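Asks: Read off the chains here:
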Amino acid sequence: MPLQLDIVTPEKKVFSDNVDNVYLPGADGEIGVLPMHAGLVTALKPGELRYLHNGQVVTLAIGSGFAEVTQTKVVVLTDMALGEAEIDEQSAEEAIQRAQEKLAVVEHSMDAEEVAYLQGVISKSAAAIQFKRKHR
Amino acid sequence: MANLRDIRRRIKSVKNTAQITRAMQLVAAAKMKKAQDQALAGREYAAHLTQVLFDIRKNFTEESHPFLVHREGGRELVLVISTDKGLCGALNTNLAKSIKAHTSPDAHFVTVGRKLRTLCEKLGKKVIADFTVKDPVPFSQTRPIAKFISQQFLDGNYDKVSIAFTSFVNTMRQESEVVTLLPIQGHREGEEQAFESIGSGFSVEEHIKDAFRDYTFEPNASEVLASILPLYINYEVFQAHVESRASEHSARMVAMKSATDNANKFIKELTLEYNKLRQGAITAELLEITTAMKAME
Chain A
1 MPLQLDIVTP
11 EKKVFSDNVD
21 NVYLPGADGE
31 IGVLPMHAGL
41 VTALKPGELR
51 YLHNGQVVTL
61 AIGSGFAEVT
71 QTKVVVLTDM
81 ALGEAEIDEQ
91 SAEEAIQRAQ
101 EKLAVVEHSM
111 DAEEVAYLQG
121 VISKSAAAIQ
131 FKRKHR
Chain B
137 MANLRDIRRR
147 IKSVKNTAQI
157 TRAMQLVAAA
167 KMKKAQDQAL
177 AGREYAAHLT
187 QVLFDIRKNF
197 TEESHPFLVH
207 REGGRELVLV
217 ISTDKGLCGA
227 LNTNLAKSIK
237 AHTSPDAHFV
247 TVGRKLRTLC
257 EKLGKKVIAD
267 FTVKDPVPFS
277 QTRPIAKFIS
287 QQFLDGNYDK
297 VSIAFTSFVN
307 TMRQESEVVT
317 LLPIQGHREG
327 EEQAFESIGS
337 GFSVEEHIKD
347 AFRDYTFEPN
357 ASEVLASILP
367 LYINYEVFQA
377 HVESRASEHS
387 ARMVAMKSAT
397 DNANKFIKEL
407 TLEYNKLRQG
417 AITAELLEIT
427 TAMKAME
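These protein sequence lines are chains A and B, in that order.
If you read the first sequence in my numbering, its first letter stands for residue 1, the second for the next number, and so on.
If you read the second sequence in my numbering, its first letter stands for residue 137, the second for the next number, and so on.
Derived by calculation from the structure, the hints in this document are not laboratory data.
Errors might be hidden in some of the hints.
Unchecked claim - In silico DSS-like cross-links for lysine-lysine, where the CA-CA straight-line distance does not exceed 30 Å:
#1 270/B x 283/B
#2 261/B x 296/B
#3 13/A x 134/A
#4 221/B x 258/B
#5 12/A x 233/B
#6 13/A x 283/B
#7 134/A x 12/A
#8 12/A x 258/B
#9 233/B x 148/B
#10 169/B x 13/A
#11 270/B x 102/A
#12 261/B x 12/A
#13 283/B x 102/A
#14 283/B x 45/A
Note that the structure is a prediction, hence the values are computed from the model and not measured.
Start from the sequences, fold in the hints, and give me the full structure.
Replies: Now the structure itself:
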């Protein structure tokens, strides 16, 4: 029984093929998905996504988003999905810094959505850096 | 001969026009490539988002989230995405036509792009806000627009928010569309059709089968919904922008190409006429000389 995994970001379709299992960084902790999993929709937090593809474990750093799980299919919608080679530690750190500077300005204006967005950028970049360091 | 000079002048001016339209064609072609790539890349995400929402719609009622509430009353807000510049064929005219056909006559407008804003003003429609979006479309600039229109809806100023844009089919074909954004409906045939027509592999049957699944939600249903729906609105607005932009550049490219072709054809005709006249003049001159010579003998 195959499990179809689609990982999609606004820029491109990152991955689409049959896999043996998927581990997702869910909002309440890691979720392991095997074929014939019950229907599930979960929010994702920035972290590490793992799947077993042709006997090989592949890991990606992903941003926030959500995933839809059906019995034969997992759709991951996220704003970032990068392999280890694609992560540039320095630019990620710069992104954090920029967001933090902006956050300091915006926080006083009480623009909740903007604050949430900037915090999202920070946690996303932090996850990418952590991922990169771990795999070095 | 005055006529000869006239034609020469006309050829020159047409040549100039052809040069300009050709330059514009090349610029539009370069921009078109980028805009089309952006539109096609975003489609996958927007389509999946639509699909997820469609799949889980049975698990929610109208009360689950303010974006889903249908209200009585016909106050309508239309987000119109047109172009800043002209010279792009019938793009804006077609959009204006479908707006007229699909929205209520007393609807209020939020505009992006100068062309239809001026038209709205001319027709005496009420424009409550106007935004400008750079090229290529950055997500950070469409977010405030999405926020503004959803806020108008949440505040109860309007009962329905539609979005009028030009969906990109291919370089030769663009279709103006008016779709309802808010309240979010369980399914959106218009959108799905648009995705289907480009053959991205989303069949309607698949949707129907999937629609009867039960889902669990993590952390819980209302939180998932609260994060998905604003995301959905944001991406719909963004996607509508990139589609419109891709359509604009494609339409301009095609319009400029046909203008260049017409100019070149015209130059050819004029040159032929010019040469005929020139030859006529030479023949007449030769005739005069020979007659003069004959007379002197």
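Asks: Each hint: holds or not?
Replies: A quick look at each hint next to the structure:
1. 270/B x 283/B: Distance of about 18 Å is within 30 Å: holds.
2. 261/B x 296/B: 17 Å, holds
3. 13/A x 134/A: Between residue 13/A and residue 134/A the Cα gap is close to 25 Å, so the pair holds against 30 Å.
4. 221/B x 258/B: Roughly 17 Å between the alpha carbons, so the hint for residue 221/B and residue 258/B holds.
5. 12/A x 233/B: With a Cα-Cα distance of about 33 Å, the restraint between residue 12/A and residue 233/B is violated, given a limit of 30 Å.
6. 13/A x 283/B: 26 Å, holds
7. 134/A x 12/A: Distance of about 26 Å is within 30 Å: holds.
8. 12/A x 258/B: This hinted pair is violated, its Cα atoms lying about 41 Å apart.
9. 233/B x 148/B: 38 Å, violated
10. 169/B x 13/A: Holds - the C-alpha atoms of residue 13/A and residue 169/B are around 19 Å apart, at most 30 Å.
11. 270/B x 102/A: 21 Å, holds
12. 261/B x 12/A: Distance of about 39 Å is beyond 30 Å: violated.
13. 283/B x 102/A: Within the cut-off at roughly 19 Å; holds.
14. 283/B x 45/A: 23 Å, holds
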